[in-house]
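Visitor: Spelled out from the first residue to the last, the chains are:
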Amino acid sequence: MTRTGKMGVLCLALLLSVTLLAGNGLAGEGVMAADATSSAPWWMWPLLLLVVTFVMGVAAVLGGVGGGVLFVPIISGFFPFHLDFVRGAGLLVALSGALAAGPGLLKMNLASLRLAMPVALIASSFAILGAMVGLALPTQVVQIALGVTILGICVLMLIAKKSTVPDVPKADTISSVLRIYGVYQEASTGEIIDWKIHRTWQGLLLFVAIGIMAGMFGLGAGWANVPVLNLLMGAPLKISVATSKFLLSITDTSAAWIYLNQGCVIPMIVVPSLIGIMAGSFVGVRLLKVAKPGLVLI
Amino acid sequence: MPLTRKVADLIVPINDYALVSEDSPLSEAILALRKLYCQVEIGKCTEAGHRNILVLDSKGRLVGILDFRTILRTLIPEIAGGLTARLEALGVSVAFAQADSAELDESRLSFRARVIKNADTKVGHVMLQVKGVIQAEDDLLKALKLMYANKITVLPVYDKEELIGVLRESDLFLMVADIITE
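The listed protein sequences correspond, in order, to chains A and B. Residue 0 is where the first sequence starts when you use numbering that gives the first Met the number 0, and the numbers rise one by one after that. Residue 0 is where the second sequence starts when you use numbering that gives the first Met the number 0, and the numbers rise one by one after that.
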C-alpha cells in the first residue's frame, strides 16, 4: 500500500473515532456508559483493551504513525472510559514506546542530546501546563478540541513531505550558541553528514504548542515533532525521527506525573494497553519484514 | 598414565600467551588475540590458537580474562547480548517504523560504525572474573575437575605466587585423545 493509501486508512479510522468522540462529548456522557456495560464481567474490558491495542500496535507500525496518536481517539471513541483515564493511559503508551527505543537511539548516535535538551525543556514545561489545563477544562471542551486536533493531524499526515537532509545554508545564532549541530554517518551509504539547524526560535515557539497539546490530549507528539525538527529547523530526517522519539520520553513523563497525581492513571486500563501495544508493535515490525523482504531486522 | 602428569607439563608459558592491561581499549585486546590466534599455524587460524586473553592490572597481577564470546557480546550487543539489548534494537526499529521510515534496519546498517565505537570500551569494564586458578605442581585431573566445576575453559597456573602460564581445556582434550592412540 502506498504511503498516502496507508495514511488514508488511518485517517478514516481516526475520523470514525472522532465522530464517536463528538457524539460522546455532545451527549455529555462523562464516566461509563453504565447501562450498556453493567451486565458484562469486569475482566471483559481489560481483555478487549488488550486485543484492540495489540491490533493498534500492529497498525501503528504498518501505517507509520505513533501508537499514542491512535490510542486516545480510538479508545475514547469506542470504549466507555472517561477521557481523563484514556489520556493518562495514552501518555504512558507513548512513553513506553519512547523508553523502549531511547537507549538504543542514543547508543546508535542517532538521537541528538544537544538538539533534544532545549526543546525538551520547553515542551515538557508546557506539557505540564497542558495536562493541568486539560484536566481543568470541561470534558466536552477537551473532546471537541481533541477532535479538531485529530483532524489537523490527519491533514498534516497527508500533506507533510519529508526531507532526508534539508538544506541549511547557515546555522542561526541561538543554535550556534547552544552548539546544536552534529555529525552522523549515513549507515546505508557510509556518507558522513555534518548537520546544523536554523529557525531555532520559531521551532522552540512551536514546541510550546506541541507541549501543550501533548499534555492536554495525551497523544504523544511524534506527529508534530518530526515535521518541526525536520522541515522547519532543518535537522536530517533520521536525526529528527530519533530525537523526536527520545524527546517523547521527557515530554510525556512530565505530563504523565500530572495525570498520575490526579488519579487518572489506573492500572486496569494502562497495563493491558501497554502490553497490547508493545506486543503489537513488535509483531508489526516482524510483519514489515515479511512485507518488505529487503529489510533484515535484528 | 597421562592423568597423573602435572599441570606444569601441559601449560602454555605466560610469555606465549596474549596479555592486555585492564585500562586498554577492547580494540587492543582484539588485535593482540587475533595475532596470537592466527600465528599458531602459519597461514591459517586453527583450533589450536589461543581463544582467551589474560587481563592484568597496573601492577601486573591477573585480574580477569576475555574470551571470544565476551568480546562479541560487547561489540554487537543486540545480537550477542541479552534480552535487553535485543529489545532495545527492536525498539529502535519500531521507532523508525512508526515514523514511516523505509530504513528500519538502522541497527544493522550502522553495524560497522557501532563495532568501531564499542571497541573503545575499556577491557576492565567487560572482562570476566577469574573463577579458578591452579598450582603448577597439581595434577591434571584436579585441573580438569576445577574447569568443569566452574564451567571455564582456561585455568591460570601459578608457581606459588607467580603467574607462570595457562592451562587450556583444548590441551587437556588432546591429551585425553592421546590415550586412544596409545
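No lab work stands behind these hints, which were simulated from the structure alone. Here the structure is a predicted model, which means the values were calculated and not measured. Be a bit skeptical, because a hint or two may be false.
[Stated by the list, open to error] Computed list of lysine-lysine pairs in DSSO-like fashion (alpha-carbon distance at most 27 Å, straight line):
{"#": "1", "chain 1": "B", "residue 1": "K5", "chain 2": "B", "residue 2": "K150"}
{"#": "2", "chain 1": "A", "residue 1": "K195", "chain 2": "A", "residue 2": "K169"}
{"#": "3", "chain 1": "B", "residue 1": "K141", "chain 2": "B", "residue 2": "K130"}
{"#": "4", "chain 1": "B", "residue 1": "K5", "chain 2": "A", "residue 2": "K106"}
{"#": "5", "chain 1": "A", "residue 1": "K106", "chain 2": "B", "residue 2": "K130"}
{"#": "6", "chain 1": "B", "residue 1": "K144", "chain 2": "B", "residue 2": "K130"}
{"#": "7", "chain 1": "B", "residue 1": "K116", "chain 2": "A", "residue 2": "K195"}
{"#": "8", "chain 1": "B", "residue 1": "K130", "chain 2": "B", "residue 2": "K5"}
{"#": "9", "chain 1": "A", "residue 1": "K169", "chain 2": "A", "residue 2": "K288"}
[Said to hold, decoys possible] Some residues of chain B that are not near chain A, with every Cβ distance over 10 Å (derived):
{"#": "10", "residue": "L86"}
{"#": "11", "residue": "E87"}
{"#": "12", "residue": "D99"}
{"#": "13", "residue": "Q128"}
Backbone N, C-alpha and C fix where the C-beta goes; we use that ideal spot for every residue, glycine too.
Visitor: Does each hint fit the structure? Answer for all of them.
Guide: Outcome of the hint check:
1. B/K5 with B/K150: Holds. B/K5 to B/K150 sits at ~21 Å (cutoff 27 Å).
2. A/K195 with A/K169: Holds, at roughly 8 Å.
3. B/K141 with B/K130: Answer holds: B/K141 to B/K130 is near 15 Å, not above 27 Å.
4. B/K5 with A/K106: violated (48 Å)
5. A/K106 with B/K130: violated (31 Å)
6. B/K144 with B/K130: holds (13 Å)
7. B/K116 with A/K195: Answer holds: B/K116 to A/K195 is near 23 Å, not above 27 Å.
8. B/K130 with B/K5: With Cα atoms ~20 Å apart, B/K130 and B/K5 stay inside 27 Å; holds.
9. A/K169 with A/K288: Outside the cut-off at roughly 39 Å; violated.
10. L86: With a cut-off of 10 Å, B/L86 comes too close to chain A, as the shortest Cβ separation is near 7 Å.
11. E87: Incorrect as stated: the minimum Cβ-Cβ distance to chain A is 4 Å, not above 10 Å.
12. D99: Violated, because the least Cβ-Cβ distance between B/D99 and chain A comes to about 3 Å, which does not exceed 10 Å.
13. Q128: B/Q128 clear of chain A: closest Cβ-Cβ about 25 Å, beyond 10 Å.
Of the hints listed earlier, those the structure fails to meet are numbers 4, 5, 9, 10, 11 and 12, in rising order.
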